[in-house]
Amino acid sequence: MNISRKWLKEFVDIEATDREYAEIMTIAGQKVESYARMDDEIKNVVVGKVLSIVRHENSDHMWVCQIDIGENEPVQIVTGAQNVHEGDLVPACLHNSYLPGGVHITKGKLRGVLSCGMLCSFAELGLTQNDVPGAYADGIWILNDEDCHVGQDINEVIGNNDTIVEFEITNNRPDCYSLLGLARETAAAFNVPMKHHEPVVKGGGKGNLFELLDVEVEADDLCKRYCAKMVRNVKIEPSPKWLRQRLRSAGIRPINNIVDITNYVMVEYGQPMHAFDYRYVKGVKIIVRRAGEDKELTTLDGNVRALTPDMLVIADETRPVGLAGVMGGENSEIADDTVDVVFESANFDGTSIRKTALALGMRTDSSAKFEKNIDPMLTLPAVNRACELVELLGAGEVLDGIIDVINYVPEPYEMPLEPEKINALLGTNISTEDMIEYLRREEVPVEGMTIKVPSWRPDLRRMADIAEEVGRFYGYNEIETTLMRGATTRGGYSKSQLLENAAGATARALGFNEIITYSFVSPSIFDMVRVPADSPLRNTIKIQNPLGEDTSVMRTIALPSLLDILSRNYAHHNKSAKLYELAKIYLPKDGEPLPEEPKRFLLGSYGAKETFFSLKGEVEALLDALNVKEHEYVAITDHPSYHPGRCAALMIDGKQYGILGQIHPLVAQNYGISDEIFVAELDFTELQSELADERTFKALPKFPSVARDLAVVCDEAVTVAALEGCIKSAAGKLLKGINLFDIYRGTGIPEGKKSTAFSLVLRSDDHTLTDADIDPVMESVLKALAEKLNAVLR
Amino acid sequence: MKEMLEQIRVRALDALDAAQDSNELEALRVQLLGKKGELTAVLKQMGGLSAEERPVMGQLANNVRADIEKKLEARKVELKAKALEEKLKAEAIDITIPGDPVSLGHKHPMNKALDEAKEIFIGMGFQILEGPEVELAEYNFTKLNTEEGHPARDRSDTFYITDDDSVLLRTQTSPMQIRAMEAIKNPPIRVLAPGRVYRKDEVDATHSPMFHQIEGLVIDKGITMADLKGTLVTLVKSLYGEDAVTRFRPHHFPFTEPSCEVDVQCFKCHGAGCPTCKGEGWIELLGAGMVHPKVLENCGIDPEVYSGFAFGIGLERMAMRRFRISDLRLIFENDVRFLEQF
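First to last, the protein sequences are chains A and B.
Residues 1 to 794, numbered by this note's numbering, are exactly what the first sequence covers, in order.
Residues 1 to 342, numbered by this note's numbering, are exactly what the second sequence covers, in order.
Calculated directly from the structure, the hints in this document are not laboratory data.
Please read all numbers here as calculations on a predicted model, not as lab measurements.
For every residue, glycine included, the Cβ atom is placed at its ideal position computed from N, Cα and C.
Take the hints with a grain of salt, since some may be wrong.
Capping the alpha-carbon separation at 20 Å, the derived lysine to aspartate or glutamate pairs in EDC-like fashion look like this [to be verified]:
#1 A:K282 x A:E317
#2 A:K421 x B:D302
#3 A:K542 x B:D302
#4 A:K372 x B:D154
#5 A:K421 x B:E297
#6 A:K31 x B:E284
#7 B:K268 x A:E478
#8 B:K237 x A:E478
#9 A:K495 x B:D115
#10 A:K495 x B:E116
#11 B:K278 x A:E166
#12 A:K107 x A:E73
#13 A:K372 x B:E147
#14 A:K728 x A:D742
#15 A:K728 x A:E787
#16 A:K421 x B:D220
#17 A:K754 x A:D709
#18 A:K542 x B:D165
A few chain B residues that face chain A, going by a derived Cβ cut-off under 8 Å, partial list only [stated by the list, open to error]:
#19 L79
#20 F121
#21 E257
#22 E340
Computed, partial: chain B to chain A, Cβ under 10 Å [said to hold, decoys possible]:
#23 S50
#24 R54
#25 L104
#26 H106
#27 F126
#28 I128
#29 T158
#30 R249
#31 E333
Turn these sequences into a full structure, and let the hints guide you.
Structural data, given as structure tokens:
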């Protein structure tokens, strides 16, 4: 809501700089978003009088003028306009002047003749023909009829000596979408009296309103109140200058006196109004109803609007003549030859108006006000104010009487003032008298200990609401700052949050950077990572009204998000990247309104140092940090996103908890990456139920361990896990560890075979091992390897 | 003989002083004290001495030997020290050569800011709570005193999952207030609930359709607005330093009453007004208020007995301010050159 400080002054007189005003209003609860002087853009332009005008010596279309600007000497200005005459008052842009749009005027020579500035048109001053009706558009703006004097700053002449203040009005204060509402707030914040004005209508126009017009409200659920008055024998003409300038300060284009009056009242009272041309109201009846069968209406702006049956319209007996609360119809518009006018001042249901405006994509000043649910008590003073202005402007004859259809029972709201409870909630010690005084300032009367809530304050219903009012005038910043007392609570992380922290810390220690990605994705991600067409993963939570296809479904896999970021880094020529994310996925659950939202822990990398085994080692470190229990890896050859020969599943007790490996080259290609990419996806939520027993101390070994190296030659197909398993079961309990240290193929090893070398760590808990203990163990290991896996000592 | 001994002493001590390394010392030891050494040779002549002279000379010879041995030992220590000194000198390196690279990963700046906030509130007895992002309209709106028809519910602002608008992507972390009260039931409640939220905003330098909030909720007997202020001032001072200045101004949220917004004085201009604060001198930080009695009632908590406060902080904005990040898009772009700065 923008208001003019000049206009505001009509209702409340305060002395404050713009900045002070903004500060005080903001602190009192009406936040000022911005403020701007209207004369910011125009500098050093004054009213000048043309003393003489002669032809330019070197031009047949230019004139050299001597302009009196109220100083000792006139200034010489050259103009190319043809509508300037001796004695005219004109806007003179002097040397070093500014015009809207950052135009800078300086003196200079025009075809050899000095020009100390420029004469300008109204358009160059940022005005439109609507702002200055009757002014000549294609030349210099002649100010002879503008009530101004030589040397006067042009900003004063056009009403720019004003500040426009933009307020952020909160939803609970529809009353503040008006000049009067903000004047009331201003008066309260500055603790000065407000100058009220009760509209007075003389009336006496010829004719009986009730014979000329009837109003029927069919849709009484959407229209609480409808007031109508009539004005006859109107003379449609431009509004006077003061009214036009006020509308311009409110950002509204002046049209003609009748329309301008409705807009003026809307700004002042916050009550949108409409004026119909009476001769087009067929059947002399106004009906407020739903559109129903009517399919379209051409609105004032000339657009044909498609109606839906629930939209509220204003109709005559035959057809809609206006879109209620949004915009009038073209078919009943005020025209230059309008004679009789119907003023509508009604209260329409906010939600209905909002939905209509939204559906038609036409949020107007009027609909924006209605959608806040404004006070139905406003309709009457507003229509009276409009008629008062008609009389003030001499624009027509107002008929006596008013049609006032009321479809609700006004219920004055009263509530007790509860000072103890208010102080207890605020943590203050404010006296009852002060509380009553704060409420009085904003025109909320208290009688005895009863608060009489005014109709425009539907936000005041409970003690807490009153506490806010008391608090804001006492000053939020005056309230003490204390720390909570009462029972102490045990704060902290939950077990699973601690695990998340540990996983992140470990990943970072391993060199992975944390990323954060969107949880909504494009449905095309499934093709990108080659998820089969019939995979249940493609069953996603879908957003009904997404911003776009790219963010239209909730992810059921986190891999594409990670690949996307790897791809972006690759495209940015980052040579390597190691990334991790703790990512939620969203899995629809049959028969439940909400999906499951388990977490996945992803590691992903590309770069010269990255291999399957570097990743596997990192996964091992992570599982160790999390204290995940005994697990194994099983080769996966058919995961569509992964390299069929370089992919493993993480298994615990026969159940899969994750996958790791090299991304399938076709998938990498889809993401524009020609390097090898390595990814591990751990089912983080599920993994938390597979943690090992809490670690406790075990005594350090008392006797030394012995290492024996062993290299065996076996078929390529025999896996290290198979060899290790065989060694373990054959060696018995003296074996405390196996470390693979070499795999060799080449000279000395037959084709299709490999040599695998292990270091076996042996130890006894009750004596120092000797060859006599160890030799039989090694013999049985070798025997088992040979028999079971055809692996022989190299 | 006496002279011979004195001569040996003088020569030996000089020779030992002149020795340059441990090998020379060993050679001198053999030459002087060894079985075939000079001193032994002199002693062998003792037999020719008188009985009176013999003990005197013996005494002298022992003194000479002791002196030589003492000197020998001292020189050994000296030379060893010298040798070590030279070795260390030879081993000197150019310490300006870079260390072997160890790449340490970095926490995302937004989570870094979040973790700072979490620590502050954990210190005040808050527990950290998480909840669903795909949420019921009932929790996101209705129970938070945001009736049907409220503009925040519009499809132009909120992402909906179902046709009937009953399931949505939560637009705020405030439904966690309801979930916390329903889960904990009996106050005292002190909960911090960070998480993702979604609003229908196009991506630009300050907007994203997905962003993060931190919700805070305290319910207990006798909780006041003064407590709310105290808690938030503690947060601001912890985040931005002891001299950070805060300002509370009235605002409106459907689920708190009284409500406020909290500004912090601009760090750059200290309130004078500058481009960073758009000339206002203050930067908006968060929204807060006393929990609306209707919300308490909706969760089965008697507003006549208990009161509480709640607050919501936009995490992106907090992190951007904390680390002076200029563009929100950088946060979700995750370029390693960006991530490694934090």
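Cross-check of the supplied hints:
no., hint, in the structure
1, A:K282 x A:E317, "holds, 6 Å"
2, A:K421 x B:D302, "holds, 14 Å"
3, A:K542 x B:D302, "violated, 38 Å"
4, A:K372 x B:D154, "holds, 14 Å"
5, A:K421 x B:E297, "holds, 17 Å"
6, A:K31 x B:E284, "holds, 11 Å"
7, B:K268 x A:E478, "violated, 25 Å"
8, B:K237 x A:E478, "holds, 18 Å"
9, A:K495 x B:D115, "holds, 16 Å"
10, A:K495 x B:E116, "holds, 19 Å"
11, B:K278 x A:E166, "holds, 14 Å"
12, A:K107 x A:E73, "holds, 16 Å"
13, A:K372 x B:E147, "holds, 13 Å"
14, A:K728 x A:D742, "holds, 18 Å"
15, A:K728 x A:E787, "holds, 15 Å"
16, A:K421 x B:D220, "holds, 15 Å"
17, A:K754 x A:D709, "holds, 16 Å"
18, A:K542 x B:D165, "holds, 13 Å"
19, L79, "violated, 39 Å"
20, F121, "holds, 7 Å"
21, E257, "holds, 4 Å"
22, E340, "holds, 6 Å"
23, S50, "violated, 67 Å"
24, R54, "violated, 60 Å"
25, L104, "holds, 6 Å"
26, H106, "holds, 5 Å"
27, F126, "holds, 5 Å"
28, I128, "holds, 6 Å"
29, T158, "holds, 8 Å"
30, R249, "holds, 6 Å"
31, E333, "holds, 7 Å"
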